[in-house]
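The lines below spell out each chain.
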Amino acid sequence: MAIVDMAAREIASAVRNRELSATEVVEAHLSEISAHDREVAAFLLVLADEARHRARSIDEAIARGEEVGPLAGVPIAVKDNMTLRGVETTCASRILAGWRPPYTATVVQRVESAGAIVIGKTNLDEFAMGSSTENSGFFPTRNPIDLSRVPGGSSGGSAAAVAARFTPLALGSDTGGSIRQPASLCGVVGAKPTYGLVSRYGLIAFASSLDQIGPFARSVEDAAALLSVIASRDPMDSTSLGVGFDASGIAEGVQGMRIGVVEEMLEGVSSGVASVLDSAIAALEAAGAAIERVSVPAARYGLSAYYLIAPAEASSNLARFDGVRYGLRVEGEDITETYLRTRERGFGAEVKRRIMLGTYALSAGYYDALYGKAQQVRTLIARDFAAAYEHFDALISPTSPTVAFRFGERSDPLSMYMSDVCTIPSNLAGHPGMSVPFGPAENGMPAGVQVLAPALREGVMFRVAMALEAAASEAAVPEWAKAAGSGGAA
Amino acid sequence: MSSDQISRDETLHIAHLARLAITDEEADLYSRQLSAVLAHARDIGALDIAGVEPTMHAVSMRNVMREDVVADSLDREEVLASAPSSEAGMFLVPRIMGEE
Amino acid sequence: MSLEDKYLITVGLEVHCELRTATKLFCGCANVFGSPPNTNICPVCLGLPGALPVLNRRAVEYAIAIGLALNCDVRRSVFARKNYFYPDMPKDFQISQYDEPICVEGYLELPVAGKRVGIVRAHIEEDTGKTTHVGSSGRIQGADFSLVDYNRSGIPLVEIVSAPDMESAEEAREYVSELRAILVATGATDGKMEEGSLRVDANVSVHRKGTEELGTRCEIKNLNSLRSLGRAIQYEARRQMEIVEEGGRVRQQTRHWNEDQGVTSSLRSKEEANDYRYFPEPDLVPLEPSSEMVELVRAELPVLPPARRAALSDLAGGKPNRSELEQIGTCIGLDLDGFVSSAAEAGLPFKLALSRAANELAALVGAGEALSPEAFVGVLKAEDSGRLSATQAKAVMAWLAETGGAVEEAISALGFVGLSDDEVGSLVDRVTAEHPNEWGRYMAGENQLAGFFIGAAMKASGGKVNGRVFSALLAGKRESAQS
Ligand SMILES: [Zn+2]
Chain A
1 MAIVDMAARE IASAVRNREL SATEVVEAHL SEISAHDREV AAFLLVLADE
51 ARHRARSIDE AIARGEEVGP LAGVPIAVKD NMTLRGVETT CASRILAGWR
101 PPYTATVVQR VESAGAIVIG KTNLDEFAMG SSTENSGFFP TRNPIDLSRV
151 PGGSSGGSAA AVAARFTPLA LGSDTGGSIR QPASLCGVVG AKPTYGLVSR
201 YGLIAFASSL DQIGPFARSV EDAAALLSVI ASRDPMDSTS LGVGFDASGI
251 AEGVQGMRIG VVEEMLEGVS SGVASVLDSA IAALEAAGAA IERVSVPAAR
301 YGLSAYYLIA PAEASSNLAR FDGVRYGLRV EGEDITETYL RTRERGFGAE
351 VKRRIMLGTY ALSAGYYDAL YGKAQQVRTL IARDFAAAYE HFDALISPTS
401 PTVAFRFGER SDPLSMYMSD VCTIPSNLAG HPGMSVPFGP AENGMPAGVQ
451 VLAPALREGV MFRVAMALEA AASEAAVPEW AKAAGSGGAA
Chain B
1001 MSSDQISRDE TLHIAHLARL AITDEEADLY SRQLSAVLAH ARDIGALDIA
1051 GVEPTMHAVS MRNVMREDVV ADSLDREEVL ASAPSSEAGM FLVPRIMGEE
Chain C
2001 MSLEDKYLIT VGLEVHCELR TATKLFCGCA NVFGSPPNTN ICPVCLGLPG
2051 ALPVLNRRAV EYAIAIGLAL NCDVRRSVFA RKNYFYPDMP KDFQISQYDE
2101 PICVEGYLEL PVAGKRVGIV RAHIEEDTGK TTHVGSSGRI QGADFSLVDY
2151 NRSGIPLVEI VSAPDMESAE EAREYVSELR AILVATGATD GKMEEGSLRV
2201 DANVSVHRKG TEELGTRCEI KNLNSLRSLG RAIQYEARRQ MEIVEEGGRV
2251 RQQTRHWNED QGVTSSLRSK EEANDYRYFP EPDLVPLEPS SEMVELVRAE
2301 LPVLPPARRA ALSDLAGGKP NRSELEQIGT CIGLDLDGFV SSAAEAGLPF
2351 KLALSRAANE LAALVGAGEA LSPEAFVGVL KAEDSGRLSA TQAKAVMAWL
2401 AETGGAVEEA ISALGFVGLS DDEVGSLVDR VTAEHPNEWG RYMAGENQLA
2451 GFFIGAAMKA SGGKVNGRVF SALLAGKRES AQS
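Chains as they are written, first to last, in this note's numbering: chain A, 1 to 490; chain B, 1001 to 1100; chain C, 2001 to 2483.
By construction, these hints were calculated from the structure, which means they are not laboratory data.
Any given hint could be a false lead.
Claimed, not checked - Using 20 Å as the maximum straight-line C-alpha spacing, the simulated EDC-like pairs for lysine to aspartate or glutamate come out as follows: (1) C:2130 x B:1077; (2) C:2221 x C:2384; (3) C:2115 x C:2099; (4) C:2130 x A:334.
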């Protein structure tokens, strides 16, 4: 098997057992990147030298017989909204171009101390605002399965990098579906943990009360392994829950489980995606689960609440990009003009639109009717989920109503916002959710099934995901990987 | 709920609050787009949910505090290296009009 | 009738108090004054993308202590973001408590004015950095550029908002000095107005006596001493009275006090309606001090100025007059009330002890010098017994403060060693013999001639004679001559 087709856990064990060197692993992935990232454009920055250097020191540590972490030698791509000291971090925004943070995000520290090797920073919709990665301030990322289509977003670069076999693992962030939706569109596994399970320290905030970092992988077990590394208490994050994630037991199956299909998430779903969900239901029933439809009525209002709360928080989080301390400055006559010009030039259209929307939602006279009411809707959604979980261990739905769309196909903001209709409610409730590939649907494109679980019940969520994975058809791979067959043998 | 349509003047005011320079054409575009999103959000405006507690975020923790112990500060030169302009160990900014 | 007689002044004060924690409110950077610029900074207090705040427990304890000292309810609170753009604010929002502050509904007694001022709220918030305006005039307007230092960014503050219960500059001054004494006593702050540890904004309005309608208020900033506060309120009230008198309307404004020119002036060039877009800070969780936490803080509170004042008032016989109240206030403000009570316990007259503590001792302490309570009591004993005149007692206190040592040492070093009673007796004999004429008249009942003899004795002894002892012996000599 080619190194680039190996699972993260296989790589880690081969490296630890000295069947493979970390250097070989890194070289194999770097050469895949240099061969194909020109077309995919998953990376904003490839850290080739740094990765080679890290690989060497891991190989040396192993040669000395030192203990290396559970992800020793495994490449990982990091969405470019997480800081790594001294390495340019941009959030795919021109306003931050050239910024080298003087500190490293907690989550990046954790994967590095587990032995993983950061191989590059991936593209995203600017400040994670978007569902297609078309809003990157630099260039769009293409879907490796069909280069004429978007990879989804906002973590499109991370999803595409994993699907393209540039890396077995990647980190993304999910505010309204930004891990799950691109995972679905690119045919990989992506999980958004319970809010507070993974530290946000060093994650450049979009909407602080919704943002959560999570793993991308090509298998459910790999995603679980990465989550168990990054889930932990962080004294630097006041919303850190202080618990970890134990991945043991996720292969126990779904025999006897009660799983609900969320009715509100079936509206407007394409026929291909609907039939993917039907076969997923059949597979879970065959595996011994009892499946029933369930209503989560307030989920219907998720999109509306989200498009008030997230922009409101974003309008405040993004105020600091003002040309004073770091990043772009467009000099004006005085400080106010400098603010106006810097932000005018530095932010893209979608970011400005959301800042405007959020500023409006918080402004005097509208707060109660807009932001305040949206916060009340969050309570309703959490309540309705809680009611559903009295009868069900987990819930499922399509991850995205459609497969990956073509570039430019959704120019109207509102229709783009609809991409997240199934994923948003769990961010509002703070619950975990993940997408497992179960395609193909229309045009042979991948489609994922979303698994939802109550707060901190990631174990249950991963069990359902593993059962789905076991029954899923062969994963979609890029054209060049089919052609290469077993190229780049280990 | 507020009226569906956001006027151009209101849009310009919001843009200034957010310190975004926008042209008149952009003001028109944004006022259309914001109005459309807010019109969609009107479904929650119609909900009768008086008395429902708002959720700030999903975490129900209270009293998260750290001890009053000094930690390392950053190296000033590393920080100022990222600054658009600096002088005498400080960030240099264009003149501030008497505005707060 | 003067303008001031026709109008009522209403003053409410907002006092920002820097807390004396080791670290900043939301990060581990050191909370110190006077470091080189931008040396106490980190991702959090520099507002770097991705950084998150974590609340300092000590700051919360100080805020609770302040609340308890001001008779407030301490309750559940929530941090909010106050959004506005300014270069000294690295996130372009300030984390503060808005509609749910930690302390509400307290009060503070003004003993001299004899009134109670309401405390509306006291809340926790972070300080901003410091901007230095560089350019032609050195003032905000017309500066060519500014330099920003974020060392102060994120220093913990408690903002204490009074009700508009004060009616004069004097009351406002008394409020601030009483508040300062309480804050310093809790240990929450060093109270140094000149270093910005205590910053006062005053809301001032006026309305014509006999009318119900309250005037429009203006907020005055940059009041960094009690003197500025008093002058600025007087100036501003007068300015508003003149506007109303001329039929104008006072505009609600934020005004800047210029100490050199003695005037307030409008701070904003263009009036932009403030819209701070407050919303709950999602990066922090609510603060719900448990009753255990509150009681622990309460247990550690020292005896506070109001209780100390009550103790001194008891020594005064329960009902101090106005000047005594002021002297008591001075003593408590400078932590000198222990001196007064030590003196009273030693049986010395309260009025003497209070006066020496509030005047001479206060001046010495103000100049950075110190005196032990024992030395203070010793000097007062010497003065009370007549060994030292008032002037001599003051000189002895100054000598002791500067040099240290025992009271007796000071008295002899300063040459205040008095003559023995025998020596004074011979002096009486000598001067009466030298002035037989005056002695005769004195014998005949011209009591005022005692002064003449004291003067003569002073001259003869080189000032060493104690007047009271001399007078007593002089009177005794006449008595025995007549009997
Ligand atoms: Zn700091």
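Taking the earlier hints as the rules, which of them does this structure contradict?
Hints 2 and 3 contradicted; others consistent.
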